[in-house]
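**Q** Can you make the complete structure from the sequences, with help from the hints?
Chains A, B, C and D, in that order, give the protein sequences.
In terms of my numbering, the first sequence has 227 at position 227, counting the first letter as 1, and numbering is strictly consecutive.
In terms of my numbering, the second sequence has 3 at position 3, counting the first letter as 1, and numbering is strictly consecutive.
In terms of my numbering, the third sequence has 27 at position 27, counting the first letter as 1, and numbering is strictly consecutive.
In terms of my numbering, the fourth sequence has 35 at position 35, counting the first letter as 1, and numbering is strictly consecutive.
If you are wondering where the hints come from, they were derived from the structure by calculation, not from laboratory data.
Please read all numbers here as calculations on a predicted model, not as lab measurements.
Take the hints with a grain of salt, since some may be wrong.
Intra- or inter-copy, both count: the list cannot distinguish identical chains.
With a cut-off of at most 25 Å between alpha-carbon atoms, the simulated BS3-like pairs for lysine-lysine come out as follows [claimed, not checked]:
| hint | residue 1 | residue 2 |
| --- | --- | --- |
| 1 | K129 | K165 |
| 2 | K292 | K81 |
| 3 | K164 | K129 |
4 protein chains.
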Amino acid sequence: MYLYFSKAAFQAAFCFVHLFYLLSDMIKVGIVGGTGYTGVELLRILAQHPNVSLKVITSRQEAGLAVDELFPSLRKYVSLKFVDPEKAKLDKCDIVFFATPNGIAMRQARELLDAGVRVIDLSADFRIKDISEWERWYGMTHACPELVSEAIYGLPEINRKQIKKARIIANPGCYPTAVQLGFLPLIEAKVVDTNSLIADTKSGVSGAGRKAEVHTLFSEAADNFKSYGVPGHRHLPEICQGLSNVAGKPIELTFVPHLTPMIRGIHATLYARLTSNKTKIDLQMLFEERYKNEQFVDVLPAGSHPETRSVRGSNYCRIAVHRPQGGQTVVVLSVTDNLVKGAAGQAVQNMNLMFGFPETLGIEHVPILP
Amino acid sequence: MYLYFSKAAFQAAFCFVHLFYLLSDMIKVGIVGGTGYTGVELLRILAQHPNVSLKVITSRQEAGLAVDELFPSLRKYVSLKFVDPEKAKLDKCDIVFFATPNGIAMRQARELLDAGVRVIDLSADFRIKDISEWERWYGMTHACPELVSEAIYGLPEINRKQIKKARIIANPGCYPTAVQLGFLPLIEAKVVDTNSLIADTKSGVSGAGRKAEVHTLFSEAADNFKSYGVPGHRHLPEICQGLSNVAGKPIELTFVPHLTPMIRGIHATLYARLTSNKTKIDLQMLFEERYKNEQFVDVLPAGSHPETRSVRGSNYCRIAVHRPQGGQTVVVLSVTDNLVKGAAGQAVQNMNLMFGFPETLGIEHVPILP
Amino acid sequence: MYLYFSKAAFQAAFCFVHLFYLLSDMIKVGIVGGTGYTGVELLRILAQHPNVSLKVITSRQEAGLAVDELFPSLRKYVSLKFVDPEKAKLDKCDIVFFATPNGIAMRQARELLDAGVRVIDLSADFRIKDISEWERWYGMTHACPELVSEAIYGLPEINRKQIKKARIIANPGCYPTAVQLGFLPLIEAKVVDTNSLIADTKSGVSGAGRKAEVHTLFSEAADNFKSYGVPGHRHLPEICQGLSNVAGKPIELTFVPHLTPMIRGIHATLYARLTSNKTKIDLQMLFEERYKNEQFVDVLPAGSHPETRSVRGSNYCRIAVHRPQGGQTVVVLSVTDNLVKGAAGQAVQNMNLMFGFPETLGIEHVPILP
Amino acid sequence: MYLYFSKAAFQAAFCFVHLFYLLSDMIKVGIVGGTGYTGVELLRILAQHPNVSLKVITSRQEAGLAVDELFPSLRKYVSLKFVDPEKAKLDKCDIVFFATPNGIAMRQARELLDAGVRVIDLSADFRIKDISEWERWYGMTHACPELVSEAIYGLPEINRKQIKKARIIANPGCYPTAVQLGFLPLIEAKVVDTNSLIADTKSGVSGAGRKAEVHTLFSEAADNFKSYGVPGHRHLPEICQGLSNVAGKPIELTFVPHLTPMIRGIHATLYARLTSNKTKIDLQMLFEERYKNEQFVDVLPAGSHPETRSVRGSNYCRIAVHRPQGGQTVVVLSVTDNLVKGAAGQAVQNMNLMFGFPETLGIEHVPILP
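**A** What follows is the structure, encoded as C-alpha cells:
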C-alpha cells in the first residue's frame, strides 16, 4: 500500500516538475562526432531526455546520412542527419558535446564558449592540468592551454559544485571514473599508503572505440584475454592527478589495463595497503558513509562481488570493499558501464548539473540483465 | 526548430495524459515466478512503468529473499521480497503475470479470474486451442481446458481488439512472435504457397531460461552453433495454429530452431514460394502497408538485413523482405529481442491494451547498441 | 587387449611408412599471403606435417617480420620471417599455397606452373569455370582464363581422382564445402527437386578474414546475429556450378548466409523437397553409404544435431539428415570448421592427394572441445 | 635448406625413438571420471599419445554410454564406453588419472598403488601437505593422510626429479600453475618482498567445470565480468604452500580470482615489490635464464603482453615481465590454457616424466589461433 501511493505521488510530482521544466528549460543540444560508441550512446540517452532537444549531430565522413541509417537501433527516436562540421550551426545550441577523437575539441571549444555555448568534452583534451604532461602522453601540442585551467573535471562525486557553474567540462575517462570512485573513500580518510596503490582494470572491447582495427576484431578479441599498455597508459596520469588532488600529495599507482571479451563494462580491482595505525577501520561503513548521498554510486553489502552486467546500460558505479583474511591489503571492486558512467551517462549527469536539472533526469535506465 | 517544439509539445501532452492516468489508472500488479529471465525482464520493465504498482512477486524457492539480492541490477528500483506462492495475496492485484514453467498457470488462473483479477500467462498453458494437441506436445494433462477457449492469443498485431476486452491472455512464444509477424503479410495477401513454408530460426541462449542445465553452460554454448528439436519443437503447433487461422486453412511449415551464442535475440529467416500468379507483387509495399500503423513492427527499407542487436532490450520487431535473384522464393528476415517482444515486453503491451493505456506506455526503451 | 596391440601395430606401421616418406617425399612448401586467417591456419597445420618443409612465406606488408612475432601461437614451431613477394624464391618450392585476397593468384600461377611448381589457390580465382560469370561476381577482369579450365575444383569427395593428377587446385570456399557435402547424396541419388533448394548458412566471424573492418569488430559482431548478402553472395555461383555438375542439369538454389558470434565454424541448414516418387527412401542409409569411405565426412546417427564445436580445429564435416514429421521436406545439417575443412585443412588434404601421401597425413587433429 | 634437412633428420630420429618405445613402452591407461572438462581434455590428448593405450574410462552416471556419444568431437578417436567404477579393472592399468571432483581420489588411490598402478590425481586431494589446512578449505575429513606426504606436487618446473620417481602425483590447480610459474624466478632469486604479493587472476568459464549451475550458464557468464572468492579461494593455500617452499619461509599473498567470458584460458597478473637493494636487477634476463631449459614455459621478449589465445589448446605457459615506469613494482603476466597446462596437459607431462618418455611426447599441439 505504502509503495503504491508513494509511487503515484512520485509520479505526480515528477510530472509537475517535468512540466515546469518543459516551459522553461528545454535546451538545444549538439553533438560533434556522432559516429563512435560514445556518440551513439549519447544519442540513445539524449533521445529520451525530457529536457533535451537534439538539434545537430556532426560527422565529416557520414555527412548527409540519416543517423538512423547508420544506427538502426535509433529508428523512430532520432530523425536527424549527420551534418558536415563546417556547416553545423553549433553556436545556436545551449550545449555541445564532443564525442570526438583527442585533439578536436581543443581546437573548437574556444569559439563555442565565446558564443555562449557550454561544452562537455568526452575526449581527453581538457583532463590533464599539466600541459606538458598532457602533450607527452597524447603526443601533440595543446591548441588551447588557457581553457585547460578553466575546464572542470566532470566527476560529480568530487566536483559537483564547480560543475554546476562550469562553462566547460572535461568528462572523465572510463577507467579513471571506476578507479577514482573506488579509491576515493580510502584516500579521503587517509587510511591507506598512497605510495603503493594498484589498479588492475578490465574493460569491455567497446572501450577501444568503433574504429576499424585488427586487434579489436571479433576473431582477435573473442575467447581471449590480455593486458595492454603495461609500460604506460594515458589514463594513468589522469587517475594520478585526481587522486593526488584528493590526497593532497602525489600518489603512486601501478595501473594495468586488460581487454576482456565483452562489449560493455569495466571492472576495476583495486589494491591498497592499510597504514599500520588504521587497521581497525570499518571499511564497509567508510564506503557507505562516503556515498550515502550519491545517486549513482551504490555500495554493495559486505562480502559482495559486483558484476559488470549489474550496471549494463545504466549510469551506476557499484562498489564492494574487502579485506581478505583480515590482512593489511584492502581490495576494492568497482564496476561501471564504460559507455554510460564511463562516458555518455556521466556527460549527461554533468549536463543536468550545469542546467539545474535533477541530477538523475534522463539517466534512470534500469540495467539490462541478462 | 520544428523538432524542438514538437518534442516539447509531445512532452507536455505526455505529462497531462500521464497525470490523468495517475489519478485514475494506477494498477496493482503481481508476478508469479519472478526468478527466471522473463520474470526479471518483467521487473525491469514494470519497475519504470508509470501506471504500475508492483505489489507482489512469488517464488517458492527464493521466498523471503529480497528481489534485488538475487538481481542486483534492480537495486534502487525494486524493494520487494519474493513471497511464497501460498502466502501471496494475488487476488488483491488488478493483474497477475505468470512467468512460470508450463503447467503452473493452468492450475491457478481460474481462481484469480473468479476474484476479478486479469491474467497474462507468459508460459504455454493457454496457447494451443486443441487440447489434445497441447497435451501431446507438452506431455501433461491440461488442468483447465475451459479457459483455453476463452484465452486470447496475445499477438496485438493480429488480435488487438479481442485483447482489449480479454480477461486472460496467452502470451505468444518467442519464436512464434518473430515467425508469425514475418509471414503474416504474405499469408493475409494470399501470395505464397502455404504448403511449403520454412522457418529457419536462431535464438540467443536466454531463450532456454535460467535453469541450471549442462547444454546451456557458457562452455557448452559459447563459440558454438547448433540446431535442436528438428524432429519437432513445441513452437511448431503454435505457429501453425496462428498462421492457419490467418490463411483460413491448414498451413504446412518446416520449423528448424538453432541456438546461437548470444544472450538475447531471435532471428527468423523465413522462406516461402510465391504462387505463380503473384510474381508481380510489390513485396516491400505489401509489408509497409500491413504494418504502417503498428508501433512495434518496423519494416526496414528494401535491401536491408536486420540485426538482432538493433532491437536489443526493446519491444521492436524489425523486418526486411527479399526476393533473391528475382526468383520465386521470398525471404523474410525478422528479428526481435526474445525477452521483450518475445516475452515480457509483449506481455506489457497486452496489459496496456487491456487497461486502456497507450499501447507503448512503459515499453519505449531505445535498443542498446553496441 | 585388441585395442592395445592394434594401436601399437598401427604406430609401428605409421613409423615405417613415415620413414619411407622421409627418405623420398619431403616436400618444399611456400605460402603466398601468410598474414590472414587461412594463412596462419595453414602454418598451424603445415608446421607439424611430417612431410612438409616450410620454405617461404610472403607478405608485402609484413616483410622482414618474424612470423611468430605476428602470431605468438607459432613460437617454437615456425622460425621463418615474412618475405617480400618480389624476393621470394617460390619457384624453388614443390608446391605453393595462395592464401591471398581474390585477384592475386590468377596473376602469379602461370609462372609457377611453368617452373614446375604445383599450386593450390585458397582464394576464388580459379573456382568458377564460366569466366564472364566469375567477372560479374568478383568485379574484375580475369588475368588467366586459360588456367581456369585446367584447374581442378579441390573437393576430394567429388574430384579425388583428378586432384591426384592436378597441377593447380581451386580450393573450395567455406560455405560451398559445407553446402555441397550436405546436398551431394540427395542430388546424386536424384531424390529431390533441384529447383527449390535452400541453403540457410551460418558462419563464424573468422570467415570474414583478418582485415580491419567495422562490421567485424568485436563490439559489432558479438551478442548479435544477422544475415548478409541475401540479394546475392559470391558463393552462390560456386555452389550452383558444383551441384549442377552433379545433377547433370542446372539447379536452383536460394542461399542465405548469416554471421554468428563465434570465431570458427560453419553450420549449413539445407532444405530440399523429396520428389513425389521417392518418399520411401531411407535417407540415413543413403548418406551413410555415400560417405562410408570418406575419412573426413562423418554421418551422425539418425536424430542427431551436429554442433560446430564438434569439428573445431579439425578437418571433419559432420552431417545429419532429418525428415521432420515424415513430410516431404528433407533437412540436412552440415557443420565444418571454416578455416580447416573450409580452407586450410582441405588445401592440405588436396596436397596430400597430389603428392601421393596418405590423405589424412598431418590433418588428424582431434577437435577442441570445449 | 638447413631447415629442410634438420626437420627431416628430426623426423627420422623421432621415428626411431618412437619405434623403440613402441616395442617397450606402450602403457595401459585408465581415467576415473571422464565426463568433465578435464576428462574430455585428457581424452583428446591421450587418444593421440603415441605410447598410450586407453583401456578404461569410468563414469557412474554415464556407464554404458559410448564416450563419443557424449563427446562427438571424439568420434573416430575413442571407441570406448564409460564403465561403472565398480566394474572397471583399473588395477590392470599402468597408470590411472583421476579427473574427479575432490574427495574421490583419496578413497581409491591406496588400492591402486598397492596393485602397482601409478596415480595422477587432477583433483585437489593430495595437493596440500597440511591435512588440517586441507580439511578446513575443502570441508571434509581426509580419507588418506598418509599418502599426502608421499604424493609429489606435479609442477615439473619445480619437482621434475621427484616426479620421475613418484608413484602418486598431485597435479596442480589451474591458477596455482600460472601463478607459481610467474612468481618463481622472483622468489628463487630473492629479489621481491614476499609479504605483499598480489595475484589478480582471470579464468575462462571452463575452469568452473561441466556441472550444471546457474552462475556458469551462458546467459549469466557471457558479456559479464566479475570477481569471486575474494574472502578466500581454495587455490590460495596451494599457491602459498608452493611459494613458501621456494622462499624457504612463509609468504603472504592476496589472491583475487575473476571469471571472464571465454571458454579456456587463465591470465595471471602478478604484482610484487622489489626489495630496496635489488632495484638494479635485469628482470628479463632473470626470467629467461630460469626457464631456458623448460620446454613449456616461454618467456616473451621484453615489453610483451601475452594473450590467452596464444596458448589455446596447448601446454604452454607464456610469461612477460614488466616494471612500469621503472618503479619498485614488478608486474608479471602469465597465461596458460587452464585445461592443458592447468590440468590435463600437465598431467600428461607428468606421466611422460614418470615413464621415462620424452617430456613433450603427445603434448606438442600448436595453439589454435584464431
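**Q** If a hint holds in the structure, say so; if it doesn't, say that too.
**A** Hint by hint, here is what the structure shows:
no.: 1; hint: K129 with K165; in the structure: within (19 Å within a copy, 64 Å between copies)
no.: 2; hint: K292 with K81; in the structure: between (42 Å within a copy, 23 Å between copies)
no.: 3; hint: K164 with K129; in the structure: within (20 Å within a copy, 61 Å between copies)
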